[in-house]
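With the sequences and hints as input, model every part of the structure.
Quick mapping for you: the protein sequence lines, in order, are chains P, D, G and S. Letter 141 of the first sequence, counting from 1, is numbered 141 in this note's numbering, and no numbers are missing. Counting the second sequence from 1 gives a position; this note's numbering is that position plus 175. Counting the third sequence from 1 gives a position; this note's numbering is that position plus 547. Counting the fourth sequence from 1 gives a position; this note's numbering is that position plus 720.
Think of the hints as simulated: they come from the structure by calculation, not from any bench. Quick caveat: nothing in here was measured; it's all calculated off a predicted structure. All residues carry an ideal CB built from backbone N, CA and C; glycine is no exception. Please note that the accuracy of each hint is not assured.
Among the chain P residues that face chain G by a calculated CB cut under 7 angstroms, a handful are [as the list claims (entries may be wrong)]:
| hint | residue |
| --- | --- |
| 1 | Ile46 |
| 2 | Tyr48 |
| 3 | Leu70 |
| 4 | Leu79 |
| 5 | Ile87 |
| 6 | Ala113 |
| 7 | Lys114 |
| 8 | Phe136 |
| 9 | Gly138 |
| 10 | Ser139 |
| 11 | Thr140 |
| 12 | Val143 |
| 13 | Phe150 |
| 14 | Val151 |
In silico lysine to any residue, SDA-like type, Cα no more than 20 angstroms apart, as pairs [unchecked claim]:
| hint | chain 1 | residue 1 | chain 2 | residue 2 |
| --- | --- | --- | --- | --- |
| 15 | P | Lys22 | D | Ile371 |
| 16 | S | Lys724 | D | Val482 |
| 17 | S | Lys863 | D | Gly478 |
| 18 | D | Lys261 | S | Lys863 |
| 19 | S | Lys724 | D | Gly478 |
| 20 | P | Lys96 | P | Asp123 |
| 21 | D | Lys261 | D | Ile371 |
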Amino acid sequence: MATTASTDAVPGFRGTYFGRIKNAIISIMEGMSVTLGYLLQRPITIQYPDRTPKPVKDTLPERYRGILELDMKTCTACLACERACPIGCIKIEVVKDKETKKRYITRFDIDIAKCMYCGLCVDPCPGGAIRHTNEFEGSTSDVQYLVRRFVPPGERIEPAKPKKKEKEEAGAEGS
Amino acid sequence: MTEFITEEMTLNMGPQHPSTHGVLRFQLTSDGEVIHSVKPDVGYLHRSIEKIAEKVTYHGFMPYTDRVDYVAAMNSNFAWALTVEKLGGYQVPERAEYLRVIAAELNRISSHLIMLGVMAMDIGAVTPFPYFLRERETINDLLEELCGARLTYNYIRIGGVSSDLPDGFRDRALRFLDHFEPIIDEFNRLITYNEIFVNRLANIVIIPREQAIAWALVGPNLRASGVKWDLRKDEPYSIYPQVEFDIPVGKGEVGTVGDCFDRFIVRVDEMRESSKIIRQCLDKMPEGEIQSKLPRQLKPPKGEVYVRSESARGEMGYYLVSNGGLNPERVKIRTGSFSAMAIMEEVSKGIMIADMVALISSLDVIAPEIDR
Amino acid sequence: MYKPMSLVPSGEPGATVITTRVDDVLNWGRANSLWYMLFGLACCAIEMMQTGGPRADLDRFGAVPRPTPRQSDLMLVAGTLTYKMAIRTKLLYEQMTEPKFVIAMGSCATCGGLFSPGYSVLKGVDKIIPVDVYLPGCPPRPEALTEALIHVQRQIKRSRPLRQKHEDTKIIT
Amino acid sequence: MNEKNILEKVMAEFPGVAFELIEENTDHPYLVIPAERTAGICRFLRDDPDLRLDALSNLSSVDEGEILTVVYHLFSYEHRHYSVLKVRVPRGAPDVPTVQTVWPGAGWFEREAYDLMGINFMGHNDLRRIMLPDDWVGHPLRKDWVEQEEYHGMGTSRNEPMDVLPLADAPEKEKQSD
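Set out below in C-alpha cells:
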C-alpha cells in the first residue's frame with residue numbers, strides 16, 4: 001500500500017520535534033565536514049587536451065579499444081574480420097586475377113561511424129593485421145569522413161602470404 | 176466551513192526530463208499535490224534488441240547485451256554467456272569464472288554508485304553525485320585495463336573471457352577497495368543519515384512483501400521489501416557458492432520495511448558485499464586457461480532454456496530458443512527494471528508529487544532495460 | 548591535433564576591420580559559453596555525465612548543462628534515437644534559440660550504428676535535424692566528447708555571424 | 721517437489737483437459753495447456769498450498785510459424801521451485817485469456833507480448849501498445865513482419881557512406897584545413 005509522508009502519524013519515527021532539529025543540525029555539520037575535507041586535496045581533473053603532462057592518448061591502457069587500424073602489409077585477405085563483425089562495418093573486396101591466379105584486395109573499408117568497438121574482429125585475425133589503436137579523437141563535420149579506406153580506390157594490393165598454421169586456421173574458418 | 180473545490184489536473188513528465196533516468200514519460204493525474212494516478216509511458220528507447228538477436232550469431236549478440244543494461248553491462252554479458260553455455264553444454268575454465276565474477280562485481284559497485292548518486296541528486300543533494308562519479312572513474316579505469324572499454328565491455332565470451340588480468344591489476348584493485356570501503360562510510364556520513372534526506376525517504380511508498388512478489392519485483396527492490404532472495408546465493412551459478420557474502424535485506428531502519436530508504440540502504444550495503452566478494456576472488460583465483468576451445472561459429476543444439484542470474488538491477492533472465500542453426504530463433508530478455516516500472520502505476524496512487532521523484536529513483540530503473 | 552585557434556583574420560575581399568572585430572568578440576562569447584542541453588538518451592548519457600563530472604570537467608570550456616532547450620545553445624544527442632523519440636527531439640531542437648549547434652555523439656546518433664538492423668531506430672540524427680559535428684565511438688570516452696566540443700568551438704570561431712546568416716546544413720535523407 | 725511432479729499434479733487436478741507434457745529439448749519440462757483453461761490453471765498453481773507459484777518470473781512469446789506460443793515461467797518464493805507452462809494459439813486468432821487477475825505483474829508482460837507479437841489477451845484491462853508508438857503498423861517480432869519505408873516522414877533506411885561515397889578522403893585532410 002502506498003502511504004504518504006505523514007511522519008508524525010507513524011509510530012516509532014525517530015525523535016521529538018526538537019530532537020529532530022538537533023539531528024538535522026548535527027547531520028548537516030557532519031556532511032559539511034566531509035566536503036570540507038576535500039577542500040585541500042589535489043583536484044583530480046585531467047586538463048585535456050593541452051595541459052596534461054602526457055597526451056591522454058598515451059596514458060590509455062594497452063587494451064583500449066579505440067579506432068580500428070589495419071596493417072595492409074600483414075593482411076592475408078582471409079575475410080575473418082568481415083565475417084566476425086555483427087553489423088558489417090568492414091567491407092572487403094577481393095578479386096582473383098584469372099591469368100596469374102593471384103588474389104588482390106581492391107577494397108578494405110572500415111566505417112568507424114558505424115563500428116561499435118566491440119573487438120570481435122580483432123580476435124579471429126590470424127596475423128594481427130587489424131587492431132584497435134588508442135586513438136579516440138575522431139570528430140568530423142561530415143559523416144563521410146568517418147569511413148577509413150585502407151586501399152586507395154582503383155588500386156589493388158597483393159595480400160600477404162599466410163603462414164602455414166594461419167592458413168589452416170583461415171581455411172577452417174571459411175568452411 | 177465551505178469545502179474547497181478542487182479538480183483533477185493532468186500533468187506530463189518527460190520524456191526529456193532531468194529526473195526521469197533516461198527517456199521515460201509519465202502521465203500524472205493529480206489533485207493539487209496528491210497524485211491520483213500515474214501512467215508510465217515507456218518505449219522511447221525500444222531498440223529492437225530482441226529482433227536483432229534473430230539476425231546475428233551467438234557470439235555476435237554479446238555486444239548487444241552490453242546495451243541492454245549499460246550501467247551494469249558486465250552482468251548482462253554474464254547472463255547471456257550463462258544462457259548459451261547452458262544450452263550448448265559448454266565448459267568454462269575455473270580461472271575465467273573468477274575473472275567473470277570479479278568484473279561483474281566491480282561493475283555492480285559502479286552501477287550502484289550511479290544509482291545512489293542520481294537518487295541523492297533527485298532528492299536535492301547535489302554533492303554526492305560528483306563524489307560518486309569520481310569513484311566510478313577509478314572502477315572504469317580498472318575495467319578499461321581489463322577489457323579495453325569503459326562502459327560497453329564485451330569482456331565475457333561464451334566459454335570464457337576475452338583476456339586475462341593485466342600486470343598489477345590485483346594490487347590496483349586491492350588498493351581501490353582499500354580506498355573505497357571507507358568511502359562508503361564517508362558517504363553515509365555525508366548524506367545517508369542526514370535528517371533531511373531520511374525524512375524525504377523514510378515511510379515513503381512502502382511496498383510490502385506480498386505486493387512485491389505479486390508484481391514480480393526482483394533484486395534489490397525485492398530484498399528491500401524483506402524477501403531474502405538472491406540468485407547468487409539461493410540458486411548459485413559460477414563460483415558464487417565458493418565465496419562468502421551476506422544478502423542485505425530491508426530492515427525498516429528508520430521507517431517501515433519496503434520504503435524508499437530501504438531500497439536506498441540495501442544498495443549501499445550491497446556495495447560492501449561486492450567488495451568482499453572481489454577480495455575473496457582475487458585471493459582464491461587459480462592459474463590456468465581463460466577460454467575453452469569452442470568453434471568460431473557456434474551451433475548450439477535445438478532446444479530452449481531460461482536462465483536467470485543476478486544483475487545489478489535484479490534478476491536478468493534470458494529465454495533462448497534455438498533451432499540448431501547459426502542464429503537464435505528467439506531471445507526474450509527479462510529485466511528487473513521492466514517489472515519495477517510496471518509497479519509504478521499501482522504504488523503511486525495517493526502519494527505526493529514530490530515523492531514521485533524519490534520513488535522513480537529508488538526503483539533504480541534504466542530506460543533501455545525497460546524497453547530493450 | 549588540436550591547435551588553439553587565434554582570432555582568425557578575414558581573407559575575404561571587402562571585409563572591414565570593424566565587422567571582423569565585432570565578429571571576433573561575438574564568436575569569443577559564443578564559443579566560450581556553449582551551454583548544452585541535458586539530452587541523455589542511452590549509453591552515451593552515462594559518458595556525458597562522466598564528462599560533466601569531476602575527471603573530465605566540461606565546465607572548463609564554459610559548457611554547463613541546462614535542463615531546458617530554451618537556455619541551451621548546443622544539443623548533445625547522446626544515444627540511440629528511436630522513432631518514438633525522434634518526433635520529440637525535433638520539437639526540442641525547434642525550441643532552441645539561434646545560433647544552435649548539434650553534436651551527434653556516438654555511433655547510434657551518427658548513423659544508427661549497431662542498431663541499424665533494428666526496426667525502431669532512426670538511422671542517424673541527421674535525418675531530422677542538421678548536425679554540426681559527428682563523433683564516432685560507442686560510446687566515446689569523455690575526452691573524445693571534450694574534443695568534439697572544441698571542434699564546435701573552432702567552427703564557431705571560424706564563422707562570421709554579422710555577414711552571413713546561420714547556414715542551414717542539409718538534412719540527409 | 722520437482723518440476724515434473726508439479727506438472728503431474730496439475731494434470732491430475734484437471735482431468736479431461738488435453739494436456740501435453742514435454743521434456744525433450746528443454747531445461748525445464750513444460751506443460752502445454754489449452755488456451756481457454758489458462759486462467760483457471762494459473763489460479764490453481766498460485767493458490768494450491770503445495771505449489772504456491774506466487775510470482776510470474778517471465779512471460780515470453782514465440783513465433784513458431786502457424787502457431788504462436790506464450791510461455792509462462794513461474795516461480796515460488798515459498799517453496800523455491802519453478803514451473804513452465806505454454807499456451808499455443810493459431811496465428812489467425814491468437815486469443816489467450818489474461819492472467820493479470822492471478823499475478824498483477826503480468827499486465828505489462830502481456831502488453832509487451834501484444835505489442836511485439838500481436839497476441840490478444842482477452843480480459844486485459846489496458847491492452848495498448850507499450851514499446852512502439854500507437855500508430856505503428858504490425859507486430860515486429862513476428863517472422864513475417866515487413867518494415868515500412870518511412871515512418872512520419874522519416875525514412876527507415878540509410879544510404880551508407882560505405883556504399884555511396886567511394887571517396888578516398890581521410891579525416892586527416894580535414895583536420896589540417898582547420
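Now the hints, each set against the structure:
Using the Cβ-Cβ criterion of 7 angstroms, the hint placing isoleucine 46(P) at the interface with chain G is satisfied: the shortest such distance is roughly 6 angstroms. Of the supplied interface hints, the one on tyrosine 48(P) holds, with its beta-carbon coming within about 5 angstroms of a beta-carbon of chain G, less than 7 angstroms. Checking leucine 70(P) against chain G: minimum C-beta separation of about 16 angstroms lies over 7 angstroms; hint violated. About 20 angstroms separates the beta-carbon of leucine 79(P) from the nearest beta-carbon of chain G, more than 7 angstroms, and the hint is not met.
Annotation: isoleucine 87(P) was flagged as interfacial toward chain G, and the flag holds, the nearest CB pair being 5 angstroms apart, inside 7 angstroms. For the restraint placing alanine 113(P) at the interface with chain G, the shortest Cβ-Cβ distance is roughly 5 angstroms, inside the 7 angstroms limit, so the hint holds. With 7 angstroms as the threshold, the beta carbon of lysine 114(P) comes within range of chain G, its nearest partner Cβ sitting at about 5 angstroms, so the hint holds. At its closest, the beta carbon of phenylalanine 136(P) sits 5 angstroms from a beta carbon of chain G; the interface hint therefore holds under the 7 angstroms criterion.
Because the smallest distance between the Cβ of glycine 138(P) and any Cβ of chain G comes to about 4 angstroms, under 7 angstroms, the interface hint for this residue holds. Here the hint on serine 139(P) is kept, as its CB sits about 4 angstroms from the closest CB of chain G, short of 7 angstroms. Satisfaction of the interface hint for threonine 140(P) is found here, the shortest Cβ-Cβ separation to chain G being roughly 6 angstroms, below the 7 angstroms cut-off. A cut of 7 angstroms between beta carbons decides the hint on valine 143(P): the least distance to chain G is about 5 angstroms, and the hint holds.
Taken as an interface hint, phenylalanine 150(P) does not check out: its beta carbon lies about 16 angstroms from the nearest beta carbon of chain G, beyond 7 angstroms. A least Cβ separation of about 20 angstroms between valine 151(P) and chain G goes past the 7 angstroms threshold, and the interface hint is therefore violated. Restraint check: the Cα-Cα separation between lysine 22(P) and isoleucine 371(D) comes to about 11 angstroms, which is no more than 20 angstroms; the hinted pair holds. Proposed proximity of lysine 724(S) and valine 482(D) is supported: the alpha carbons are some 18 angstroms apart, at most 20 angstroms.
Distance restraint check for lysine 863(S) and glycine 478(D): the Cα-Cα separation of roughly 18 angstroms lies within the 20 angstroms cut-off, and the hinted pair is therefore satisfied. For the suggested pair lysine 261(D) and lysine 863(S), the alpha carbons sit about 26 angstroms apart, so the restraint of at most 20 angstroms is broken. With a CA separation close to 18 angstroms, the supplied pair lysine 724(S) and glycine 478(D) stays within the 20 angstroms bound. For the given pair, lysine 96(P) sits about 26 angstroms from aspartate 123(P) by alpha-carbon distance, which is inconsistent with the 20 angstroms threshold.
In summary, the hint linking lysine 261(D) to isoleucine 371(D) is not supported, as the alpha carbons are separated by about 48 angstroms, beyond the 20 angstroms threshold.
The earlier numbered hints that this structure contradicts are 3, 4, 13, 14, 18, 20 and 21.
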